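Since the structure of chain A is already known, use the hints to place chain S on it.
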Amino acid sequence: MRVGLVIVSHSGALSEGVVELVGQMAPEVRVNTAGGTQDGGVGTDFEATSAALAAAETGAGVVLLYDLGSARMTAELAVESLAEPNTAVVVEAPLVEGAVAAAVAAQNEDDLEAVARAAEQSAGAGSPEESAETAATSAAEGASVATRAERELTLENEVGLHARPAALLARSLTGLEAAVTVSFGESTADARSVLGVMGLGARKGDRIGLRATGQDAESAVRRITELVERDFDE
Amino acid sequence: MSCTTQHVIAAMRSAVNSVSEHRDELVELDRAIGDGDHGENMERGFLAVRNQLEITVPESPAATLKSVATSLISSVGGASGPLFGTAFLRASTAVGDAETLDGPTVAAALRAALDGVVARGKAEREDKTMVDALAPAAEAAEAASATAGSAPAAVLRAAAEAAETGARTTVSLIAKKGRASYLGDRSAGHLDPGARSVVLLLNAFADVTGAE
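Listed in order, the protein sequences are those of chains A and S.
Sequential numbering from 0 applies to the first sequence in numbering that gives the first Met the number 0.
Sequential numbering from 0 applies to the second sequence in numbering that gives the first Met the number 0.
Hints are computed from structural coordinates only; laboratory data are not their basis.
Hints are supplied without guarantee of correctness; some may be wrong.
[As the list claims (entries may be wrong)] Beta-carbon label-pair distances, calculated as ranges: (1) A:Asp230 x S:Arg185: 53 to 59 Å; (2) A:Gly16 x S:Arg30: 42 to 48 Å; (3) A:Leu81 x S:Gln5: 30 to 36 Å.
[Unchecked claim] Over 12 Å on every C-beta distance to chain S, these chain A residues come out as not near it, computed from the model: (4) Thr36; (5) Asp44; (6) Glu46; (7) Glu75; (8) Arg163; (9) Gly174; (10) Leu226; (11) Val227.
Here the structure is a predicted model, which means the values were calculated and not measured.
We put the CB at the ideal spot given by N, CA and C, even for glycine.
Chain S extracted, bound-state conformation:
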């Protein structure tokens, strides 16, 4: 099965719900090592995503991803706005004019999203950022999509599981980027909120595509 525009839109709505449900959790995580606004910012951004998808229904997967990017860039604020915005913008470009997404295209979109975030944030793995979740996710997606007949749902599921594992590694890391880096050694012992958000998004995408 491949992923239509309707599936992509449904996946984004699912992401909105997930971010809203986990708003307080993200606030708590960010309060420990950041300035505590990540949950609120992400919720505001994704509510803007939902509003925009209601105002203008996109006609392709790429247009959907671009709409999400624009909403996030304009409304999230802080560093997360440009970072998640860039991720969706690059994913949109990677998808191109495909009307439906197969496994390899989903994997390519994740890779493009990762490259965009790395370029924008100048962060590497083990800096205790969203890259620690997104990088293993992109790799797992590529490995899963290489399997013959691998559907987008399976690719996204593999990505979400790898992101989960990757996010857990951020607990022990010392932050090297962003506000948390000012804490130095004291940043260790806490899960990175950006990495957690990546997990939430990928889980939401995988749940919806898998349910179809």
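So here's chain A without its partners, still in its complex pose:
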């Protein structure tokens, strides 16, 4: 059971575009849309939103993302109208980044709260080295035996650290107790942040650095190394 997503937008084309993008990174997550009015115009539709919400619910809850103000109200009203309003959450997040972050978390079978949090924290993704290091350090603090692992790798796959590979990389760390960063050139990103990894802009032939701390540091580096060596199964 995975958390489902609903994209509430003023535009049908916009919401479908978000679904297309998200589908690349989280193929097994159900993402439904409510975009535009019934007659194909620009606006939000309460009934379409409610229907999308009902269809996205597979038992693990639903996270709703929206584009502009009144879409938020429509989404909130749809949640409030549920028999059990606590099974769905409208998140305050940038639509595209939030949807990607939420979908990757849902793909990893995170629970409703964690998926919502992933979306809400997505605004800062892809920001400079400092925040990646901070996030990595704080994640490592919980590890009982702090170990370190580092590695440099050359990307041989065609698209480099583009959307799908970045998502695979982030997902490969599921269940590991380790703070992992990926660096390329002057930039560093938290390896669990799909947008952060994408934001590095590393392409075919580029050399990236991995640094992991925490009790599963070595497993983390090994998993990513395997992915890179398999060319991300392209």
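Relative to chain A, chain S alone:
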């Protein structure tokens, strides 16, 4: 005198007529500071209200308010749909299973409507929104209902008058919510269409209940 289901239904029909009559005025107001569709949206919503009341005649005041809410939510569009829909939905809940509405119940319904709109729209007073009409209306209704023997008609009349005064204050305000907020200082000098709609609705309700 208290307000029966028939009175509530009549009040809603009166609101439909008022919104239709003032459609062009609302369009003009919204054209000045919004995207010009408020009048059209409200008319479409309230025509849906009238159709629904003809298809299924509600059996209680709460059911009537809920029917109105559902029609508005499904057909108004834009931000006004969820906002007015929420107002009627919360009013319906506040009324509960009362078969007739007395003054205090009407006041409680207005308070619930206001709280719903504030929660949904995250707007405060002086943001130049419908809250600037609805908030004073709810307060005036509470004050009027506290008077011994105050009938629903008197409560609604007090609410409508306070809403009118409140709506007038929006002229000088600078919008902080919605499309009008993009205009910044240029939003001043215009009456807020949402506040005007609140006045139209409350006047229509007061006229009908008062005429009985």
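Here is what the structure says about each hint:
For Asp230 (chain A) and Arg185 (chain S), the Cβ-Cβ distance of about 56 Å falls inside the hinted range of 53 to 59 Å, so the restraint holds. The hinted window of 42 to 48 Å between Gly16 (chain A) and Arg30 (chain S) is violated, with their beta carbons roughly 31 Å apart. Under the hint 30 to 36 Å, the C-beta atoms of Leu81 (chain A) and Gln5 (chain S), about 32 Å apart, fit the expected range. Residue-level check failed: Thr36 (chain A) sits 6 Å from the nearest beta carbon of chain S, not beyond 12 Å.
Not every C-beta of chain S lies more than 12 Å from that of Asp44 (chain A), the closest at about 8 Å, which undercuts listing it as non-interface. Distance check on Glu46 (chain A): its Cβ comes as close as 6 Å (rounded) to a Cβ of chain S, failing to clear the 12 Å threshold; non-interface status is violated. Remark: the non-interface label on Glu75 (chain A) conflicts with the geometry, its nearest Cβ contact in chain S lying 7 Å away (cut-off 12 Å). No beta-carbon of chain S comes within 12 Å of the beta-carbon of Arg163 (chain A); the shortest separation is about 36 Å.
Every CB of chain S is more than 12 Å from the CB of Gly174 (chain A) (nearest about 38 Å), matching its label as outside the interface. Its beta-carbon lying about 43 Å from the closest one in chain S, Leu226 (chain A) satisfies the requirement of being farther than 12 Å from that chain. No beta-carbon of chain S comes within 12 Å of the beta-carbon of Val227 (chain A); the shortest separation is about 46 Å.
Checked against the numbered hints given earlier, this structure breaks hints 2, 4, 5, 6 and 7; the rest are met.
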